[in-house]
Amino acid sequence: SAVISQKPSRDICQRGTSLTIQCQVDSQVTMMFWYRQQPGQSLTLIATANQGSEATYESGFVIDKFPISRPNLTFSTLTVSNMSPEDSSIYLCSVGTGPRGTEAFFGQGTRLTVV
Amino acid sequence: DAKTTQPNSMESNEEEPVHLPCNHSTISGTDYIHWYRQLPSQGPEYVIHGLTSNVNNRMASLAIAEDRKSSTLILHRATLRDAAVYYCILRGFGNEKLTFGTGTRLTIIP
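Chains as they are written, first to last, in this note's numbering: chain D, 1 to 115; chain L, 1 to 110.
Please keep in mind that the hints were generated in silico from the structure rather than gathered at the bench.
Small disclaimer: the values here were computed from a predicted structure and weren't measured.
Honestly, I wouldn't trust all of these hints.
Distance windows between CB atoms, simulated [unchecked claim]:
| # | chain 1 | residue 1 | chain 2 | residue 2 | range |
| --- | --- | --- | --- | --- | --- |
| 1 | D | Ser9 | L | Glu66 | 42 to 50 Å |
| 2 | L | Phe93 | D | Glu54 | 18 to 26 Å |
| 3 | L | Pro17 | D | Ser42 | 23 to 31 Å |
| 4 | L | Ala63 | D | Ser53 | 37 to 45 Å |
| 5 | L | Gly94 | D | Leu73 | 13 to 21 Å |
| 6 | L | Asn54 | D | Gln14 | 47 to 55 Å |
| 7 | D | Gly52 | L | Asn13 | 46 to 54 Å |
Glycine included, each C-beta is placed from N, C-alpha and C at the ideal position.
Same shape as in the complex, but just chain L:
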C-alpha cells in the first residue's frame, strides 16, 4: 500500500474550521483516500472517503488535490467531541484491508 504522511499533532479552537492535511505522493490511480478517526478509548470510526472529486458528508469534507498527491480533511466547525487521532489511509480498489499510519492527534481548545 502507498504511504501517507500526516503531521503528528494539530490544535484548533472550538467552533472554528480545521484543515487536516495528508500527503500521498505515491498514490496509484485506483487508490481511494479514506479518513478514519479514533476517539479516546474507542475503536476507529469512518469519517469520509473519495477518489478524485471533493466529497462532503454530515461529518466532514474531503478536498483532493488535482494531482491526487495530497488531500485535506475539513471539519467545518470543530467541537470538543472532535478531539481524536485522525488517520489518512490509501485503500486499493477491492482491498478491504486498512493500513494505518501514525495519524494526526487533533486537540480542540475550548
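If we strip away everything but chain D, and leave its shape as in the complex, we get:
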C-alpha cells in the first residue's frame, strides 16, 4: 500500500496568482500522476511525472499552465499558474503500486477555489 499526503488540503486564491500543490508518498514510486476533478465531474488526468525526466502532459494540458516537478521518488509538486475561476477544482495526486502498478492510490486532494 501507499500513503499519500497532499498539501494544502484547500485554498482560496486570487485570480492571476499561482499555487503549488505538494504530494508526498511514504514509499518510493516510479510514476506519479496528477488529476483534476472539476465541480460535479469525474477525474481527468493532467500529467504523468517520472523522476528524472520531464512530465508527460495529456491533451488539453500544457506545461506553462501546470508545471510539475519530480525531484525524487517520493515527492512531486504541481503548480497551477496564472489562475482563473475556471481553475477552481480538486487536484489529486496518485501513484501506482504492486506488480506493474496494479492498484492505484490517491491523495485526499487539494480543493482550490479561485476568486
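Guided by the hints, dock chain L onto chain D, whose structure is given.
The following block gives chain L in isolation, referenced to the frame of chain D:
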C-alpha cells in the same frame, strides 16, 4: 483506452446486495477491468480488478461476462458507508494511467 458505459445512478437498500453493471464492448484482449470508488470528499480508492475470471476480495466481487464485453461489481451486503461514485475503468497491460468515465453514483437507503 476503450470506453466504458455505466448507469449514472443507482439506489439500494441497506444490508441488501448491490449489482453495479458496466459495459465495455470495445475491450481488447489485454485490457484489465478495474473498479474504483470515490467516497464523498475523498480521493478514489481501489475496489477490485480482473481480466477474465470472476474475482473476489474482502470488499466486493467482480463478475466478468464470458465475452468480456460487460462486467458487474457486486457488493454483497451494502452499508451506508458504501454510498459513493463507482468507476469502471479499462486498463491496458503495463499502462499505469487510469481514464475515468462518469461512474455510477450509488445511494444506500437506510
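The hints, checked one at a time:
no.: 1; hint: Ser9/D - Glu66/L: 42 to 50 Å; verdict: holds, 45 Å
no.: 2; hint: Phe93/L - Glu54/D: 18 to 26 Å; verdict: holds, 25 Å
no.: 3; hint: Pro17/L - Ser42/D: 23 to 31 Å; verdict: holds, 26 Å
no.: 4; hint: Ala63/L - Ser53/D: 37 to 45 Å; verdict: holds, 40 Å
no.: 5; hint: Gly94/L - Leu73/D: 13 to 21 Å; verdict: holds, 19 Å
no.: 6; hint: Asn54/L - Gln14/D: 47 to 55 Å; verdict: holds, 52 Å
no.: 7; hint: Gly52/D - Asn13/L: 46 to 54 Å; verdict: holds, 52 Å
Hint check: no violations occur; every hint is consistent with the structure.
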